[in-house]
Amino acid sequence: MEVIHKIGRRKTAVARAYVATGKGNITINKKDMPIYFPSATLQYKVNQPLVMTNNEGNFDITVNVYGGGITGQAEAIRLALSRAMCELDAENRLILKPEGLLTRDPRMVERKKFGQKKARKKFQFSKR
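When the letters of the sequence shown are read in order and numbered with our numbering, they come out as residues -13 to 114.
EDC-like cross-link-like pairs, simulated, lysine to aspartate or glutamate; straight-line CA separation at most 20 Å: (1) Lys17 with Asp46; (2) Lys31 with Asp18; (3) Lys9 with Glu(-12); (4) Lys31 with Asp46; (5) Lys(-8) with Asp46.
Note that these hints are calculated values from the structure, not bench results.
Turn these sequences into a full structure, and let the hints steer you where they fit.
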């Protein structure tokens, strides 16, 4: 099997995942996953597509991710891995699609407007 390359995005985070047959090593930005994502919930998010398709331990995964925060990065990696699992086997699509793992979350931070404190919050008005 050749290396499968897929891209996942979430907020401003972009993840490029390279999936090849191997022993199940997951490397994120040249660090092991437990070092890069010490939180168990973030590790669960990254492993979710592999666990649901019964592919944990079958592939070596290398990920380059940048932008955003750690939660956005974990969800971007999850989308990239979900897309890779669908390319491996079309049957995996039927498993991942109902869980919403193949949908790119379009929500972004709303920009701050001129003359306001934040995106929607206004400056306090005082009538002295």
